[in-house]
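Trainee: Sequences and hints are given; from them, build the entire structure.
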Amino acid sequence: MVDCVVNDISTFLSPPVQRLLVDSREDHLTSSYNGSGSVTSHLTFNWDVVSTNFDTLLEFSDHDGDQQRYRQVCEELWPLIKECGRKVQECVSIPVHLLEWTSSIGDIQHCFTQMQKKKCSIIPLKISLHLSSILEHSLGNMLVARALLGSPLGFNLRNICWHGFPAPEEICMSLAAALLVLITSFGELLSIADISSIPCRLKIGKNTWACYLPTFESLDFPKLKHNCSEVTAILENVDSIPSTHQSYWTSSFNFLCTGSNGECLLLLLPALEHTLRCAYCSVNECPQRMLVAEQHVLYTTMDEILDQYFMKSESVKTENRLPSLLGNKLMEMLLDMFSSFGGPRIRDKLSHGECILEEIPAIVANHLFCISLLVLLKLGHTTSIDLSTSLFKMEEEYIAKFHSISLLKYEAFTVTDQLKAFHIYFKPDLISSEVLNFQTSLCAQVLKFPNCHQSSDIDSLIESCLKQPVITLFRNKSDLGHISTLRKIVTAVHEACKNCLGALENRQNCLNQHALRSRQRTSFFRMLDFMPSFQVVVKCLVLTVLFQLLILPHMIVNSKFIKSMQQYADNMSSLSCSEKNRWTEMQEKTTCFCLHSVHLLDKTLETNLLQAETLRNLTNQEEQLATVD
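In the numbering used here, the protein residues as written are 28 to 656.
Check before you lean on any hint, since a few could be wrong.
[Unchecked claim] Straight line, CA to CA, 25 Å or less: simulated DSS-like cross-link-like pairs of lysine-lysine: (1) Lys233 x Lys376; (2) Lys447 x Lys252; (3) Lys494 x Lys420; (4) Lys515 x Lys405; (5) Lys405 x Lys420; (6) Lys587 x Lys475; (7) Lys144 x Lys114; (8) Lys630 x Lys475; (9) Lys252 x Lys420; (10) Lys376 x Lys447.
[Stated by the list, open to error] Derived DEER-like restraints, expressed as beta-carbon distance ranges: (11) His253 x Pro43: 40 to 50 Å; (12) His253 x Pro455: 51 to 61 Å; (13) Ala220 x Gly133: 38 to 48 Å; (14) Thr345 x Ser37: 25 to 35 Å; (15) Tyr336 x Ser63: 47 to 57 Å; (16) Gly354 x Lys250: 45 to 55 Å; (17) Gln445 x Lys616: 19 to 29 Å; (18) Glu386 x Ser591: 41 to 51 Å.
These aren't lab readings, by the way, just hints derived from the structure by calculation. Since this is a predicted model, take the numbers as computed values, not measurements. Just so you know, even glycine gets a beta-carbon here, dropped at the ideal spot from N, CA and C.
Mentor: Structure representation (structure tokens):
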């Protein structure tokens, strides 16, 4: 638990940002211009009127050096922003043809409808999150929109909202309307220039999520829609939610319960980041970083919050205390969803407009909300309820799913599972002596290390290595580089297996139908003779990869051996493709690889034995410490 004294804070906006976003809203009433005529009936800016009344802004740049003057210029935009709000309320429909360039017509129309119908204070914030992500996806950092979206000296809406700083009441509907008018105005300018679309990143839809669904479905997370009263009790009673941000959480959960998964995450992710930032700043004793960042001020992002180290300054770093507060398992959950390159990285993609909101699966939103509830429970005090018990049990049993180590182990298992399809072609008497020697030498070395299965059977050793837990949290760059190479080896081996299996099935069918010519039959029989050796050498490669993974934190990796493995695996993948089918050459390369591998293994045996003894001593010490604890 941590005492995050956040409920006494009335705003997380710094004074200059508070002045610009909130206090200046009404100051424009004394202005000589009220914004009239600056927005057309088609919800686009009337650039002639804007140029006449805001010529100072158009000529002024945040790079001119006078920060105070730039803020004053941005404050003068409020009459224009208010006019956007009025016009959106008056408009009956939005011009669809001006939205086509964004590839998000449906999303923008939905925002427009909500602007006109819903008066809840969270809606302007949610729409600002949504529309700013669409602008980011479609335009990137355009200078045209710098006052609203760009410089920290201006409104900086996208960054302020997506990092969870403002309370809902601090973002008015007129600001959301200004973003909508900005989108249609860009559409009008593109239409005048006869540009119907612009290149942008592909969006994540059902097909992409389908790749992740098996992983999410394998996890036994509570279905929060069936535990509404308990979730509500946690949200209402836990003291780790700032009072200014309570409606983020309750509105997000309401969206989850109604099946609006994308809108749920629009609010949940900034709220979660803000809660984590408050805890991060508290435990690392830097409360000033709870406020929104400005120019020349360190900006605390999610990447920093989840990092192993806390940067006191540009040159001084210490251990980040947040992981010890949350626990390793919860940190792995957060990193799986937000940082791991093999994972969905949902926050980055959603904030950059790369997600189709209505196609985000319910199980993903539920997964993230469960993790978020765990964060709240870890940081705050609340009464014990059944749901919290289920969540803590879920955390205790969690194993990283999207870390490169987890993916490597899964890919290695897939290859061994793939080999089962070769069983009808397995004839032990056809295995070459070189392959058998390699297998014997490799298994002998693996058996000398602690925690390995005490059977010399290669299948048992592979199974034993797959079951061994491997640390995933905060691995260094060197380790991750080696793991990346090991994954490339497994990928190439998987491709070679797929090629060989496809060739076997195809040739066997052709042979049964008497459709093979004499030369093709000879090639097929060569392939059949090679398959037993191929299967064994694939198992040797998988065992070596898993073994290298297990010893990686403690021992020096034999880079020559790894390089040799990668070259061999790439050759097998290339030579086995349907365009080549060069089985004789594959057999020759296999023989050379096995001879070379045995030589390298024998050469490094003495070093490995010394390292194994050191590793065995470390393991014994860890077991003794665990027993004491």
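Trainee: Tell me the hint numbers this structure goes against, listed in increasing order.
Mentor: 2, 4, 10, 13, 16
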